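Student: Heads up: the sequence lines are chains A and B, in that order. The numbering of the first sequence is the numbering used here, which starts it at 1 and goes up by one. The numbering of the second sequence is the numbering used here, which starts it at 407 and goes up by one.
Honestly, the hints are just simulated from the structure, not real lab data. Bear in mind that the values here come from a model prediction, so they are computed numbers and not experimental data. C-beta atoms are modelled at their ideal positions from N, C-alpha and C, and glycine is treated no differently. Keep in mind that the hints are not guaranteed to be accurate.
To be verified - Label-pair restraints from in silico Cβ distances:
| no. | chain 1 | residue 1 | chain 2 | residue 2 | range |
| --- | --- | --- | --- | --- | --- |
| 1 | B | L408 | A | E315 | 40 to 48 Å |
| 2 | B | A439 | A | P309 | 44 to 52 Å |
| 3 | B | E622 | A | D16 | 39 to 47 Å |
| 4 | A | D16 | B | T638 | 41 to 49 Å |
| 5 | A | P62 | B | E524 | 19 to 27 Å |
Stated by the list, open to error - On the chain A side, residues computed to face chain B include the following (Cβ under 10 Å):
| no. | residue |
| --- | --- |
| 6 | I75 |
| 7 | G142 |
| 8 | D270 |
Number of protein chains: 2
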Amino acid sequence: MLIVQKYGGVSVANCDRIKEVADRVIASKKQGADVVVVLSAMAGETDRLIDLARQVQTRPDPRELDVLLSTGEQITISLFAMAVKERGFEAVSFLGYQVPIETNPVHGRARIHDIPTERLRKVLESGQIPVVAGFQGISSEGEITTLGRGGSDTTAVAVAVVLHADLCEIYTDVDGVYTTDPYICPSARKIDRISYDEMMEMASLGAKVLEIRSVEFAMRYGMPLHVRSSLTDSPGTYVVAEDETMEEVLVSGVTYSRNDARITITKVPDRPGIAASIFNPISEADIVVDMIIQNTRATDLTDMTFTVPEKDYEEAMEIVKKVAREIGAEQIAGDRDIAKVSIVGVGMRDHSGVASKMFDILARHGINILMISTSEIKISCVIEEKYTELAVRALHEGFGLNKETD
Amino acid sequence: MLIVQKYGGVSVANCDRIKEVADRVIASKKQGADVVVVLSAMAGETDRLIDLARQVQTRPDPRELDVLLSTGEQITISLFAMAVKERGFEAVSFLGYQVPIETNPVHGRARIHDIPTERLRKVLESGQIPVVAGFQGISSEGEITTLGRGGSDTTAVAVAVVLHADLCEIYTDVDGVYTTDPYICPSARKIDRISYDEMMEMASLGAKVLEIRSVEFAMRYGMPLHVRSSLTDSPGTYVVAEDETMEEVLVSGVTYSRNDARITITKVPDRPGIAASIFNPISEADIVVDMIIQNTRATDLTDMTFTVPEKDYEEAMEIVKKVAREIGAEQIAGDRDIAKVSIVGVGMRDHSGVASKMFDILARHGINILMISTSEIKISCVIEEKYTELAVRALHEGFGLNKETD
Numbered sequence: 001m002l003i004v005q006k007y008g009g010v011s012v013a014n015c016d017r018i019k020e021v022a023d024r025v026i027a028s029k030k031q032g033a034d035v036v037v038v039l040s041a042m043a044g045e046t047d048r049l050i051d052l053a054r055q056v057q058t059r060p061d062p063r064e065l066d067v068l069l070s071t072g073e074q075i076t077i078s079l080f081a082m083a084v085k086e087r088g089f090e091a092v093s094f095l096g097y098q099v100p101i102e103t104n105p106v107h108g109r110a111r112i113h114d115i116p117t118e119r120l121r122k123v124l125e126s127g128q129i130p131v132v133a134g135f136q137g138i139s140s141e142g143e144i145t146t147l148g149r150g151g152s153d154t155t156a157v158a159v160a161v162v163l164h165a166d167l168c169e170i171y172t173d174v175d176g177v178y179t180t181d182p183y184i185c186p187s188a189r190k191i192d193r194i195s196y197d198e199m200m201e202m203a204s205l206g207a208k209v210l211e212i213r214s215v216e217f218a219m220r221y222g223m224p225l226h227v228r229s230s231l232t233d234s235p236g237t238y239v240v241a242e243d244e245t246m247e248e249v250l251v252s253g254v255t256y257s258r259n260d261a262r263i264t265i266t267k268v269p270d271r272p273g274i275a276a277s278i279f280n281p282i283s284e285a286d287i288v289v290d291m292i293i294q295n296t297r298a299t300d301l302t303d304m305t306f307t308v309p310e311k312d313y314e315e316a317m318e319i320v321k322k323v324a325r326e327i328g329a330e331q332i333a334g335d336r337d338i339a340k341v342s343i344v345g346v347g348m349r350d351h352s353g354v355a356s357k358m359f360d361i362l363a364r365h366g367i368n369i370l371m372i373s374t375s376e377i378k379i380s381c382v383i384e385e386k387y388t389e390l391a392v393r394a395l396h397e398g399f400g401l402n403k404e405t406d
Numbered sequence: 407m408l409i410v411q412k413y414g415g416v417s418v419a420n421c422d423r424i425k426e427v428a429d430r431v432i433a434s435k436k437q438g439a440d441v442v443v444v445l446s447a448m449a450g451e452t453d454r455l456i457d458l459a460r461q462v463q464t465r466p467d468p469r470e471l472d473v474l475l476s477t478g479e480q481i482t483i484s485l486f487a488m489a490v491k492e493r494g495f496e497a498v499s500f501l502g503y504q505v506p507i508e509t510n511p512v513h514g515r516a517r518i519h520d521i522p523t524e525r526l527r528k529v530l531e532s533g534q535i536p537v538v539a540g541f542q543g544i545s546s547e548g549e550i551t552t553l554g555r556g557g558s559d560t561t562a563v564a565v566a567v568v569l570h571a572d573l574c575e576i577y578t579d580v581d582g583v584y585t586t587d588p589y590i591c592p593s594a595r596k597i598d599r600i601s602y603d604e605m606m607e608m609a610s611l612g613a614k615v616l617e618i619r620s621v622e623f624a625m626r627y628g629m630p631l632h633v634r635s636s637l638t639d640s641p642g643t644y645v646v647a648e649d650e651t652m653e654e655v656l657v658s659g660v661t662y663s664r665n666d667a668r669i670t671i672t673k674v675p676d677r678p679g680i681a682a683s684i685f686n687p688i689s690e691a692d693i694v695v696d697m698i699i700q701n702t703r704a705t706d707l708t709d710m711t712f713t714v715p716e717k718d719y720e721e722a723m724e725i726v727k728k729v730a731r732e733i734g735a736e737q738i739a740g741d742r743d744i745a746k747v748s749i750v751g752v753g754m755r756d757h758s759g760v761a762s763k764m765f766d767i768l769a770r771h772g773i774n775i776l777m778i779s780t781s782e783i784k785i786s787c788v789i790e791e792k793y794t795e796l797a798v799r800a801l802h803e804g805f806g807l808n809k810e811t812d
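Please work from the sequences and hints to get the whole structure.
Tutor: See below:
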């Protein structure tokens, strides 16, 4: 039995927490498992370092920022290895270049190319615990790279995959994936098993438990994930390949996001290439457009509505105003006070009526739907922000997520 | 003109200081010099990290401690490179393994074996400023090593030597090497030029401006050093090969140290091997004995007096008590309240009477000499600790160090 255990920043926030994690890893070891540990930086450390960087350079150089940020995990892995040794067990820390975690040379959001396993295997075979720095890698030119926010999850899954581990455990400060946000909806329940597909939709829609790339990676290689709390011993949520039992559930979870803003351009002359002329300048400004809806009017005019991250709203509006003049659109409207609520579930694939049930539930609570977008296993509605909590609770109850299933 | 500039922890203590150093380096660059920068960790950072390590492991594992401590310089070099770039110049940071600074595998006090210059030269030739992490290196097994306290000075000198630099500038928070401690003796003067030999004696006797190994290194390869302040533009002290002009000065400096303790064993049976039986167990306990004096009595008994670092005093006493019983020595006495005052100068080599002048000066001030030791260019006297300041001032004035020389 080989387990890769990843501990996030809150789990290693200080020396006392690091010692607790050491106890936990040693407990797994005593139960007979071989363990590889992957660690994040102490909670808050990455932000502290970014703040230092911004004090010396307006737009920190990506190469040097990676050199700086990679110290975060370097500190936790060395302290953690010491804590394990203090308890009479053996551990060896591995920086990105020592494993090595080989990545492409894109600083700040590198992708893992390969992870040779020779050194890790040697340490495992000698009965020691390899402790791998998450988030960081090395390019073929010998430069330090980082994988972007949440990158330690990806490191853990990738290490698990190359070592053919039996399981990858992601330890965090919540005890699993919930049917919805328990802070908004007290009847939210922990999900015991969820499919990779659903987890990806949940992650991309705002459930911040797992980094989406790591789930993608796990799905591609069929690596089972176990998302659980580093504070308790109770099982968390298994993220696994879809199986029959899951199909019985129509909807697995309700998610929401308040970080979007909506922009509408009305009476756009409807001719080929008009969408490109609006969205090209926006994507050139590195602004990610999420939902796009086009309503063609009876005439040769069309309305175009789309959402952008709220932080990019001002910039997007500037761009759109310029474009609107150029293409002769009549009017622009913007709205920051929106929210997106979504239901996710693989069961939707084979069942009709899920969407209309969602619209019906929202209507019964007097919530107006501003935009709709759907995928195979997800339906998202944009609504007025003030209805967020009400919508989440109504959908959670309406789809029976508050009831025990087993 | 190629200059290696090393900045210590106080010079890079925070982002503002780092920006000031960037300005200074760019000024050198603008004057036409090629510059390689070597940096220490921010002041206090190494101590903070050691404190973290001790919180998780009673005796921190040397390998992991090096992984931990090397983050200190990693932070300063990346921030510094960003600060240079913010000013429109180009800089590239180099970690120990990236240069590479090749060392032996002794963690915590590694010695530099070699520094291939290919990567540094390439960066220099392209007009960029290489920024090298001091203090750290890499062993042939790919492990991070550190050079020990003050190791960044050694890194700077070694880099200067392999690149055949014209000068190695050591920037610190004092403006040079002084004839003695200005806090004790207000008439202390900055020394313009001092020989490597004298600087080494000064360094080993307690003048904390330069790490002794770096001076040794500079002397071996004839690399001129310039010790100066990062806060002013005035020249500091050049540490160079001995030349004729120096001979004119009998004594270059007065140093002192209060960190020793004295142990005396009286009436030791004087037979071959007796010294070894006393000092072997002490050196096995990793305690460094400094001065040793043996007085043979008229009989076949001898008295043995020696000094150890004050922090090791208790442990040394324990060992000596045990040994004394075994060898049948009569009595043991110890004294922590001692100080060592020394005069240093290459001129002593060719002039007699320097020692007696020193004894005479101390006697005239009523200071009793407890132990004496001499080398070619240094005379040290152990005295009662309470007389330290008086002795330093008396010797400084007695040898005319308070007077301008040029």
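Student: Taking the hints in turn, state whether each one holds.
Tutor: Status of each hint after checking the structure:
1. For the hinted restraint 40 to 48 Å between L408 of chain B and E315 of chain A, the CB-CB distance of approximately 46 Å keeps it satisfied.
2. Restraint check, A439 of chain B to P309 of chain A: a C-beta distance of roughly 47 Å satisfies the suggested window 44 to 52 Å.
3. For E622 of chain B paired with D16 of chain A, a C-beta distance near 43 Å keeps the hint of 39 to 47 Å intact.
4. Judged by the Cβ atoms, the range 41 to 49 Å given for D16 of chain A and T638 of chain B holds: they are separated by roughly 45 Å.
5. Hint check: P62 of chain A to E524 of chain B, Cβ distance near 24 Å, so the stated range 19 to 27 Å holds.
6. Restraint check, I75 of chain A versus chain B: the minimum CB separation of about 6 Å is within 10 Å; hint holds.
7. The criterion of a C-beta within 10 Å of any C-beta in chain B is met by G142 of chain A, whose closest approach is roughly 6 Å, and the hint holds.
8. Checking D270 of chain A against chain B by beta carbon gives a least distance of about 47 Å; that is not within 10 Å, so the hint is violated.
Hint compliance for this structure: hint 8 alone is broken.
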